[in-house]
Amino acid sequence: MRNAPPDRMLLTGNHAVAWAARLARPKVLPVYPITPQTPILEKLSEFEAKGELDAEVITPESEHSVMAASIAASLAGARVFTATASQGLLLMHELLHYASGARAPIVVANVNRTVASPWGFWPDETDSLAQRDAGWIQFYCESAQDCLDTVIAAFRIAESVLVPAMVNLDAFYVSHALEPVSVPGQELVDAFLPPYSPPHRIDPQNPESWGNVVSQEMYCRHRRDLGEAMARVFEVALETEREWSRLTGRSSPIIERYRCEGARTVIVAMGSLCGTARDAVDALREGAEAVGLLKVRLFRPLPVEALRAALAGVAEILVLDRNYSPGYGGVLHQELRGALYGIADPPKIHGRLAGVGGVNVSAERIAELVREAAAGEARRESVWVEG
Amino acid sequence: MRALAVGYEPILSSGHAACPGCIEALTVRHVAAALGTNTVAVVPPSCMAIIAGPQPFSSFKIPVYQPSLEASAAAATGLRRALDAQEKRDTLVAVFAGDGGTYDIGFQCLSSAAERNEDFIYFCFDNEGYMNTGAQKSSATPHFAKTGSTPAGKASKKKNLTEIMAAHGVPYVATACAGYLADLIRKGEKATRIRGTRIITLLVPCLDGWGLADDCGLEAARFAVESGVFPLYEVEEGCRYTLNEAGKTRPVRDYLSLQRRYRHATPEEIDALQAEVDAGWARLLERVAASRESGLTPSAK
Amino acid sequence: MSVGAPIPTAWTTGTTEVLKTGTWRAALPRYVSAPSPCHLACPVAGESAEWIGRVRERDFRGAWEILVRNNPFPATAGRICHRPCEGACNRSGFDSSLAIRALERHVGDRAIAEGWRFPPPPSERAEPVAVVGGGPSGLSAAYHMRRRGYRVALFERERELGGLMRYGIPAYRLPRAVLDAEIDRILALGIDLRLGAAIDRPEDLARLRAEFGAVYLAVGAGRQKRLQTLDYEKPWAIDGAAWLRRANAGRPPALGPRLAVVGGGSAAIDVARGARRFGHEVTLIALEREGEMLAQRSEIEEAIEEGVRLQDGAMIERVTERGAKSLALECVRVDFIAGAERGSFRVERIAGSEFRIAADAVVSAIGQDPDLGAIEGALSTRRALIETGEAQTTSAPDLYAGGDAASMERFVTAAIGMGRRAALAIDASFAAARRERGAASERPVPLAAIATFYYPKGERPCERRLGVEERLRGEAEVEFGILPEEAPREAERCFSCGTCIFCDNCFLYCPDLAVRRIPSGYEVLGDYCKGCGICVKECPTGSMEMAEELR
Ligand SMILES: Cc1cc2nc3c(=O)[nH]c(=O)nc-3n(C[C@H](O)[C@H](O)[C@H](O)COP(=O)(O)OP(=O)(O)OC[C@H]3O[C@@H](n4cnc5c(N)ncnc54)[C@H](O)[C@@H]3O)c2cc1C
Ligand SMILES: Cc1ncc(C[n+]2csc(CCOP(=O)(O)OP(=O)(O)O)c2C)c(N)n1
Ligand code: SF4
Ligand code: SF4
Ligand code: SF4
Ligand SMILES: [Mg+2]
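Protein chains in written order, with my numbering: chain A, 2 to 388; chain B, 31 to 331; chain C, 9 to 559.
Derived by calculation from the structure, the hints in this document are not laboratory data.
Being a predicted model, the structure only gives us computed values, none of them experimental.
Note that CB positions come from ideal geometry on N, CA and C, so glycine has one too.
Incorrect hints may appear among the rest.
Label pairs and their calculated CB-CB ranges [to be verified]:
id: 1; chain 1: A; residue 1: Gly328; chain 2: B; residue 2: Ser141; range: 37 to 47 Å
id: 2; chain 1: A; residue 1: Glu53; chain 2: B; residue 2: Ser141; range: 45 to 55 Å
id: 3; chain 1: B; residue 1: Ala312; chain 2: A; residue 2: Gly358; range: 56 to 66 Å
id: 4; chain 1: B; residue 1: Asp284; chain 2: C; residue 2: Asp103; range: 37 to 47 Å
id: 5; chain 1: A; residue 1: Gly328; chain 2: B; residue 2: Gln166; range: 29 to 39 Å
Computed far set for chain C versus chain B, every beta-carbon distance over 12 Å [stated by the list, open to error]:
id: 6; residue: Arg62
id: 7; residue: Arg77
id: 8; residue: Lys545
Pulled a few chain A residues facing chain B out of the computed Cβ check, cut under 7 Å [what the hints assert, rightly or not]:
id: 9; residue: Pro6
id: 10; residue: Pro7
id: 11; residue: Met10
id: 12; residue: Pro61
id: 13; residue: Tyr99
id: 14; residue: Gly102
id: 15; residue: Pro205
id: 16; residue: Val214
Turn these sequences into a full structure, and let the hints guide you.
Right under this line is the structure:
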């Protein structure tokens, strides 16, 4: 590869994703534009056009076909990457199930954006959280560096367990925010991520077929196998994280505990909200309030055991959801309630719909929410937070 | 006697679950064999998916990928590009899709793939309806034909896929059917020697869906050709037209009378259908003549 | 990263061949060899589909070898056979029947031109056999027995062989060079020929029976039937056989210019046409209407072309002599009512339809009966014929009979066929029974069993004849053969009814790949055949048939 990357670059989240994808050397790259994912597509196309990325770029008529091509390419033995957002991800919905059923370890970057209608371009994670039952590994990133590290790790994890992975980054707050990013060298990434070579593939040399109708028993067994593969993600992710931190010195655990020592209240959040929450925690800690942050980086499979361990003994939990499942509330809030069910000395769990539709939630507002929560009773439903 | 000389490795196997006398099975038997063993097939939900066999038993000796109904051309693209990326450019990618999966739900991605001139051969097994779901109409169902969703006969005409695909300017578009087996095999083999998007529409009389006796599928296909309902022709690069069976020698009525799905058709409807077929035929002849006049003679076969 | 990856479980790696779909069906196709209608109609067991198949491939020698398995006279039969095969031909229900006789003549003429010979018998047999009568039937029997290795003695009254083919049928229909060539080819096999040897009396026959293990009697029907209204003592009344015999030798009886010929069969037509060639004015008087006459259609047409005046549906009631030479023939129109058996009929005169014809002489050719002097007491007879069974057997185990002496069919190829059947029966009586292919009892292949889609429509080649003026000048053959390039083209039209042509259709059109090629043809795989019937429907020769299966 010509043009070895400089060690540190000023990158947006989108371009960090593009750099990570480039370093992962995907063989097939089907792409379809949608705001705010477009810079990923354009950057990768540029890499390919310049000869810096040796991949088959496909430009189909829709995200649906992007995913259809991705699955087939993956089953034919190619490493596949693509990126989308909001409507695009929803259009892929049927095929997201198809991909996980086919055990095709595709990696998709999804820029979280409000889902229509009405139209909007704002950060909101409902698009990807609506896909939580599709059988995909889901990561949520806080920063450009997080994006780069996660995309590369996602390939290694997905290919280890043969389950596709989705790396989510919030629109604009992450996708378009510039920050210095440490970009690893190709050799390093090659050592970390060997070429993809699946045990079964569509190959005339060894004719095996995928997709034939199965019996009830086989379908059931196949679903169970998918669940077992998901369960292996925790251990593989841990091993991947260890290897990545050995190579780069950076570590990004599946859940990150930030200043949680002795915390009475722990904020639980995903994606860009974590950045703001960190500031809130710092401010609150300065005021000697025992508050910490638990960043959920891996949402699927949901690291239930790790969450229960991390939150054991905490009195109050404040869950911030930048998403909304009408009729139930914040997805993380409700999932966490399930995850912690039956825990000894259960914490009070306060769910806040904070930042839905991209509404700005400041560090100060978060600090207020912490205090309000500690003062009040925990309600079963998620509570709307005004901007 | 018009004899055939065919000698190739079979790719379809016995034991598949097609209906007795199924022309789809017969057609794919020869189509697949014409492609050869260095081929991967894409089979969306359709009767072909049933023919392909229940896991873990395949009726194809080549690998088959079954995508979702609407995504065959996109899936074929994915396979093609993945194979290219692995330097397997000689491996053919072929789609065996139904008319519903082609004319209707899969049309968008087919059009896009054709626009990109993706390198695969797309065979549309046109049995003129959603047969796998019990015979409902598709946009390939012809005017007046009765289906489960058009119990009084279809009120609109059949979509002309061949012309639509030809208008994409792809290197090769053709029609064929098992009733003219030598022609079918020739077109299959010809397609393998071309690169880019190649689309062959295969008329596949459906015994159950059309209401035909078990041994009558080929006769129906031949009547369709002889009546001009389904002309056998090729279009190269979107403009060079070749008519393969020249004569329109039979009234449409003969063709209709073989099939239960037209039993209710009134004399006026039959006349209307005849007029549509005549008009379509005349249009086709004009195109053939025009491409001849402009010196666009078909490339050597 | 595939190390240690769990293997997805739902990949498909097996084959549907383990699924036996044969259990679905109710009927199973069978690969059969069935008789064609032309074969069944052919008196000599034509195997037409097979030899025509060779013509199609331009393998004329092969075609001839198949033809002469049954008939040593293809060039002769190819000219004068009454061609029942063409009447039965399935192609007539599609476009027009195949020109089978013309093809046969083409092959036969090639054999003569090329000098093709019969191979010597594979082995010699001890048993001596005798044939009485050197007409087509006797020659056929001699030929078949000789090819099977028997020592054959042939007894013939005349100095030349051929029977009615020489003394009856005129040269313009059957050139003598053709007849001689085909007879010589038989003799070259090594036949003990006894010319001028008449077996007329019972003691002659007894002598033969003592000397030979089996005797085939093919003495023809030499006794002329006569009209009661004619006085054959008169110089102006003569038998057709006698007239032809002399005319064929170039010396017709001297009769006046106006000839009345009586009869509706080939013999009467031949007299009439022959007489035109010797300059007579000829009126042909037949009981039957033109369409019912026994003579072949083409013969009648040709006769009329040549100027024979036809008085059909009529008979002579009385002849009055007028002066020294001239006769007045008092005639009447009749209704001809054919009987159940060939040759039997009755007539009803139509009152008030009397008419008169002026003539100088009358030749009658109204049929012949066999002369059965030699078999008096030895064999049973029926309606003036030797009574025979299916295999030309008679009431005596060592005696066989056929041809005109034993049948009212009165056709050359029928006579040849009977000679062949007798030879086979004699052979079987000596050797262990041998099977004959395509037994006549099998059902012929109907047109409906032919996948006609595979055959483009086409017409048979037109029959070309010599111009009338040239015909009347002498012995030149009237009918031309088909052109060499026409023969394979015409053979292309043959449906090969019941004879597999290895076109592979059954194999290629099976949606279940349940038909397999095997060295002897094709085999249906019961494990997979779903009984759809496509292979049967697509067979262009009717060589696949459906058989119900009871399970
Ligand atoms: C004028 C004419 C035209 C005809 N045209 C046709 C035609 O176009 N097509 C057709 O199919 N049929 C035709 N026929 C009929 C056909 O010729 C006869 O049916 C056929 O020849 C019968 O053959 P055969 O061998 O039984 O008898 P024959 O041909 O009569 O031969 C009998 C032989 O036996 C010999 N013979 C007789 N008695 C004795 C004896 N006691 N001892 C030794 N030898 C004896 C005879 O000399 C003769 O050679 C025609 C017949 C006639 C008369
Ligand atoms: C998205 C989607 N919608 C509906 C179906 C149900 N379905 C399966 S096969 C089929 C009919 C397909 O018709 P066609 O392509 O003509 O194939 P045929 O069954 O006639 O062979 C349908 C509607 C499906 N599999 N996927
Ligand atoms: S088509 Fe051929 S085989 Fe059939 S009856 Fe006619 S000549 Fe005989
Ligand atoms: S075509 Fe095949 S399945 Fe159908 S009847 Fe013949 S052998 Fe059986
Ligand atoms: S289809 Fe052809 S190969 Fe099969 S039996 Fe008939 S003639 Fe023979
Ligand atoms: Mg269909």
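Numbers of unmet hints, in rising order: 2, 4, 8, 9, 10, 11 and 14
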